[in-house]
Amino acid sequence: MKPMDFLVSQTHISPFYLVIIGFIIGIFGGFFGVGGSFLAGPALFAMGVPMNFVVGTDLAHIVGKSIVAAKKHRALGNVDLKLGFIMVIGTIAGVEVGAQGIEWLKHFGQANVDQVVGIAFVVVLISISAFVAWESWQTIKMQRDREREAEMSGIGVRKLGAKEDESAFDHIARKIHRIKLPPMIKLRVSGIERVSLWAILLVAFVGGVFSGFLGGGAGYIRMPSMVYLLGVPTHVAVGTDLFEIVISASYGTLTHAIKGNVDIMIALVMHTGAAIGAQIGAASTEYFRGPKIRLAFVPLPLIGAAIVIYSLLSGKHLK
Amino acid sequence: MENKPTHAARSFLIELMLYAGLIVVYVFFVIAFMGNWLHALYEHHKIRYAFAALLLIVGQGVVLETVTTILLRLIRRRTD
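Chains as they are written, first to last, in our numbering: chain U, 1 to 319; chain D, 1 to 80.
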């Protein structure tokens, strides 16, 4: 298919490529509850889209896609609205800080924006992938050991329900729950009795900074943070993250568009593929348990990191 | 008699092709025609462009969600 002219970002990209990328990201996004910027960002950068447009355009594309997936997750009972609304406040503040960071970098030239954002992206993606792999493996090993011990002692082991979850890092979440910094709140849908409002806001703020600076919804950092630091079950973290992304990414789209960093045409074309992919991905979460969802997530940030490394080292784009 | 997974996969492929056809028409006849208007808005009215961008992506999100839900419901009905 012939490349299409995208006048705002001055790029020429095949719409077919954008639809396919959107479709793949939609499946992953619906399944893992992340916006998919770990793939969308590198995929756009690889096609020659300047990094500041990658950041803003990806946020816009995520708004449309997350509406689809969040609605699906809400129907499945995976959205903690109270947690989602609190997180929006912290995320928006963080997005603005991140977007201002991009503005500051622009003063040093486009090459600097591309390099700094690209390198930061690679470091974050590899770190997250390594941590999630290690944690999921520890959790699966812990569950197997417990089952083996129960078999040997002849005592039955209670199987977790489809929506229940556990992590080898549950003790960290429990420590955070014990921090008595008022106001303390209860999150019924997430099954959390008491947690400081500030802990939630801090997790959301950090995610927001990543979102504003690296683009996308930063679900790749917020979703694991919700599970490991706040102790939210994976299914609820997935749904709530998507719900929260709809609001925070809308804000991110507006602020980046005003700063001239959004090519909405690219976002619209990409989203046509993402819409159906997100439905398929969200429906698939019904068939997998928490640690397995997290383990399957591991290779995805690495693919994104590999594309960015290639583009940065070779100075070439994959056109 | 055709087994259920094969039937489901075939139905899914048909619906996917239908969706792809709709998308091709949409991309070339709707999105492509907005290019110049959006570019002019981007060049001269950044704030209006920002709100138009958000409205377009939200609107598309809602419309396509409805279309995909109907398509997936059709698939399920055929496979049940």
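Treat the hints loosely; a few may be bogus.
Claimed, not checked - Quick look at which bits of chain U chain D covers, simulated, 3 or more residues with Cβ under 8 Å:
| hint | segment |
| --- | --- |
| 1 | 5-15 |
| 2 | 235-244 |
| 3 | 269-275 |
| 4 | 299-309 |
Said to hold, decoys possible - No farther apart than 30 Å at their CA atoms in a straight line, the calculated lysine-lysine pairs in the DSBU-like style are these:
| hint | chain 1 | residue 1 | chain 2 | residue 2 |
| --- | --- | --- | --- | --- |
| 5 | U | K180 | D | K46 |
| 6 | U | K259 | U | K106 |
| 7 | U | K141 | U | K106 |
| 8 | U | K259 | D | K46 |
| 9 | U | K82 | U | K186 |
| 10 | U | K71 | U | K186 |
Hints in this document: simulated from the structure, not taken from any laboratory. Ideal Cβ positions, reconstructed from N, Cα and C, are used throughout, including at glycine.
Going down the list of hints, with the structure as the test:
Coverage of the segment 5-15 of chain U by chain D holds [criterion: at least 3 residues with CB-CB distance below 8 Å; count 5]. Requiring three or more residues with a Cβ within less than 8 Å of a Cβ of chain D, the coverage given for the segment 235-244 of chain U is violated, as only 0 such residues are present. Counting residues of the segment 269-275 of chain U whose beta-carbon sits less than 8 Å from any beta-carbon of chain D gives 5, enough to reach three: the coverage restraint holds. Look at the segment 299-309 of chain U against chain D: 0 of its residues bring a Cβ nearer than 8 Å to a Cβ of that chain, fewer than three, so the hint is violated.
The suggested pairing of K180/U with K46/D is violated, with an alpha-carbon distance near 45 Å, which exceeds 30 Å. Simply put, K259/U and K106/U have alpha-carbon atoms about 11 Å apart, close enough for the 30 Å limit, and the pair holds. A threshold of 30 Å between alpha carbons decides the hint, and for K141/U with K106/U the separation of about 47 Å lies outside it, so the pair is violated. Restraint check for K259/U and K46/D: satisfied, since their Cα atoms lie roughly 8 Å apart, inside the 30 Å limit.
Between the alpha carbons of K82/U and K186/U the distance comes to roughly 9 Å, so the proposed pair stays at or under 30 Å and holds. Proposed proximity of K71/U and K186/U is supported: the alpha carbons are some 24 Å apart, at most 30 Å.
In the structure shown, a violation is registered for the earlier hints numbered 2, 4, 5 and 7, in ascending order.
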